[in-house]
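Keeping their order, the protein sequence lines are chains A and B.
Numbering follows my numbering, with no gaps: position 43 of the first sequence is 43.
Numbering follows my numbering, with no gaps: position 195 of the second sequence is 195.
Check the hints yourself; a few may be wrong.
[Unchecked claim] Using 30 Å as the maximum straight-line C-alpha spacing, the simulated BS3-like pairs for lysine-lysine come out as follows:
| hint | chain 1 | residue 1 | chain 2 | residue 2 |
| --- | --- | --- | --- | --- |
| 1 | A | K56 | B | K198 |
| 2 | A | K107 | A | K56 |
| 3 | B | K198 | B | K212 |
| 4 | A | K86 | A | K64 |
| 5 | A | K39 | A | K107 |
| 6 | A | K80 | B | K198 |
| 7 | A | K103 | A | K39 |
| 8 | A | K57 | A | K86 |
| 9 | A | K107 | B | K198 |
| 10 | A | K103 | B | K198 |
| 11 | A | K39 | A | K64 |
| 12 | B | K198 | A | K39 |
| 13 | A | K103 | A | K57 |
| 14 | A | K103 | A | K86 |
| 15 | A | K57 | A | K80 |
| 16 | A | K64 | B | K212 |
| 17 | A | K80 | A | K39 |
| 18 | A | K80 | A | K103 |
| 19 | A | K57 | A | K39 |
| 20 | A | K56 | A | K80 |
| 21 | A | K57 | B | K198 |
| 22 | A | K64 | A | K103 |
| 23 | A | K86 | B | K198 |
| 24 | A | K56 | A | K39 |
Since the hints were derived computationally from the structure, they do not count as laboratory data.
So the chains spell out like this:
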Amino acid sequence: MKQFVLVALFALSTCAQAATIEMDVNGLVCAFCAQGIEKKLRAFPATADVVVSLEKKLVALSTKDGQDIPDDELRAALTKAGYTVKAIRREDESIDAVRQRLKAAAK
Amino acid sequence: MFLKFQTPWRLAAPLLLCVLSVPAMAKPIAFAEGTTIMAEYGAGTMEQVQAFYAPTYWLSLGAGDLHLDSDASSRTRDIRYLRANYLIHRWNLDDAQANIFAWGGLGTASGSDFHGSRLDREAGFQADYETRRVYASWVSDLHESSAFSDRVDTLQLGFAPYAHDYQDLATWFVLQARDYSGGIHHGVEYAALIRLFKGGTWVEAGVTRSGKPQLMMMFNF
Numbered sequence: 001m002k003q004f005v006l007v008a009l010f011a012l013s014t015c016a017q018a019a020t021i022e023m024d025v026n027g028l029v030c031a032f033c034a035q036g037i038e039k040k041l042r043a044f045p046a047t048a049d050v051v052v053s054l055e056k057k058l059v060a061l062s063t064k065d066g067q068d069i070p071d072d073e074l075r076a077a078l079t080k081a082g083y084t085v086k087a088i089r090r091e092d093e094s095i096d097a098v099r100q101r102l103k104a105a106a107k
Numbered sequence: 001m002f003l004k005f006q007t008p009w010r011l012a013a014p015l016l017l018c019v020l021s022v023p024a025m026a027k028p029i030a031f032a033e034g035t036t037i038m039a040e041y042g043a044g045t046m047e048q049v050q051a052f053y054a055p056t057y058w059l060s061l062g063a064g065d066l067h068l069d070s071d072a073s074s075r076t077r078d079i080r081y082l083r084a085n086y087l088i089h090r091w092n093l094d095d096a097q098a099n100i101f102a103w104g105g106l107g108t109a110s111g112s113d114f115h116g117s118r119l120d121r122e123a124g125f126q127a128d129y130e131t132r133r134v135y136a137s138w139v140s141d142l143h144e145s146s147a148f149s150d151r152v153d154t155l156q157l158g159f160a161p162y163a164h165d166y167q168d169l170a171t172w173f174v175l176q177a178r179d180y181s182g183g184i185h186h187g188v189e190y191a192a193l194i195r196l197f198k199g200g201t202w203v204e205a206g207v208t209r210s211g212k213p214q215l216m217m218m219f220n221f
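Use the sequences and the hints to build the structure in full.
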């Protein structure tokens with residue numbers, strides 16, 4: 001029981017400290033798609049920044065300090081925007097670093 | 001003489017022409033909780049303005065104003081309508097998206113070949129397929145009343161010379177074939193277009209085979 005609590009606490013702290021949430025999204029082919037997704041994700045009060053890459057079919061989101069958005073809420077938001085979420089993962093990379101990486105990959 | 005030409009109205013006229021012009025080919029639902037304003041100037045045969053609000057990604061509601069001017073006779077139509085657009089199905093593929101939309105509406109119509117105003121019934125559908133380099137769409141739009149039945153079918157095939165990303169300027173070269181029923185136009189009208197879009201703004205301009213201009217503009221916000 002004690003071990004379970006420790007693991008759960010560790011998981012929660014990792015979740016809360018994740019610098020960027022990355023989502024692989026299908027159907028992301030045009031600027032209007034990206035615009036709709038960005039608008040939907042920025043509607044979350046916890047959202048700090050959003051980056052969308054059509055090239056990588058990637059949507060990246062950072063949250064405000066100490067805040068988080070659960071995966072199921074993110075998945076529901078993108079589904080309600082009309083897109084299919086393939087995967088959601090939490091990365092330590094900052095969203096600015098993600099933005100720079102995507103920009104460098106595009107060159 | 002040159003200064004006289006540069007009055008504010010003369011300067012604004014080309015822009016206004018663009019604004020008064022709509023891409024029938026653009027998606028009738030751009031994104032959830034988004035507003036779309038579209039206009040098209042179709043080679044002097046069709047002018048249309050539309051505005052839609054989408055409460056969800058699969059439904060939008062709005063209104064339009066369509067003017068048809070036959071190049072085969074003196075026949076004209078003026079139709080104002082309320083319309084609902086419905087996304088029947090969307091395929092979100094790895095590198096592509098495909099959609100089937102349908103719409104229906106009611107409005108009022110007047111024309112040069114009948115008296116008074118008639119109830120206009122509108123029905124249509126759109127099938128499209130899009131990657132970041134290839135685009136194809138087929139749109140069929142029918143307006144019918146007790147006095148007329150006019151259908152406009154439009155096929156567009158587009159090619160992008162480079163794959164754009166969200167914040168880039170997207171460039172497309174589009175070939176279009178459009179057929180008007182109801183004696184609005186003789187034969188199929190072909191056009192070559194260049195389409196540019198960035199963010200929520202879309203501009204399309206080109207020329208038909210008979211040398212007439214076609215202009216379109218759309219704003220999503």
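The hints, checked one at a time:
1. A:K56 <-> B:K198: holds, 18 Å
2. A:K107 <-> A:K56: holds, 13 Å
3. B:K198 <-> B:K212: holds, 26 Å
4. A:K86 <-> A:K64: holds, 24 Å
5. A:K39 <-> A:K107: Holds, because 26 Å separates the two Cα atoms, which is no more than 30 Å.
6. A:K80 <-> B:K198: Roughly 24 Å separates the two Cα atoms, so the pair holds.
7. A:K103 <-> A:K39: holds, 21 Å
8. A:K57 <-> A:K86: Status holds; Cα separation ~10 Å.
9. A:K107 <-> B:K198: Holds, at roughly 19 Å.
10. A:K103 <-> B:K198: holds, 17 Å
11. A:K39 <-> A:K64: With a Cα-Cα distance of about 17 Å, the restraint between K39 (chain A) and K64 (chain A) holds, given a limit of 30 Å.
12. B:K198 <-> A:K39: Judged against 30 Å, a Cα distance of about 16 Å means the pair holds.
13. A:K103 <-> A:K57: holds, 14 Å
14. A:K103 <-> A:K86: holds, 23 Å
15. A:K57 <-> A:K80: Answer holds: K57 (chain A) to K80 (chain A) is near 17 Å, not above 30 Å.
16. A:K64 <-> B:K212: Cα-Cα ~53 Å, so violated.
17. A:K80 <-> A:K39: With Cα atoms ~12 Å apart, K80 (chain A) and K39 (chain A) stay inside 30 Å; holds.
18. A:K80 <-> A:K103: Roughly 28 Å between the alpha carbons, so the hint for K80 (chain A) and K103 (chain A) holds.
19. A:K57 <-> A:K39: Holds. K57 (chain A) to K39 (chain A) sits at ~17 Å (cutoff 30 Å).
20. A:K56 <-> A:K80: holds, 21 Å
21. A:K57 <-> B:K198: The hint holds at about 18 Å.
22. A:K64 <-> A:K103: holds, 23 Å
23. A:K86 <-> B:K198: With a Cα-Cα distance of about 26 Å, the restraint between K86 (chain A) and K198 (chain B) holds, given a limit of 30 Å.
24. A:K56 <-> A:K39: Satisfied, since the Cα-Cα distance of roughly 19 Å is no more than 30 Å.
Violated hint: 16 only; the structure is consistent with all others.
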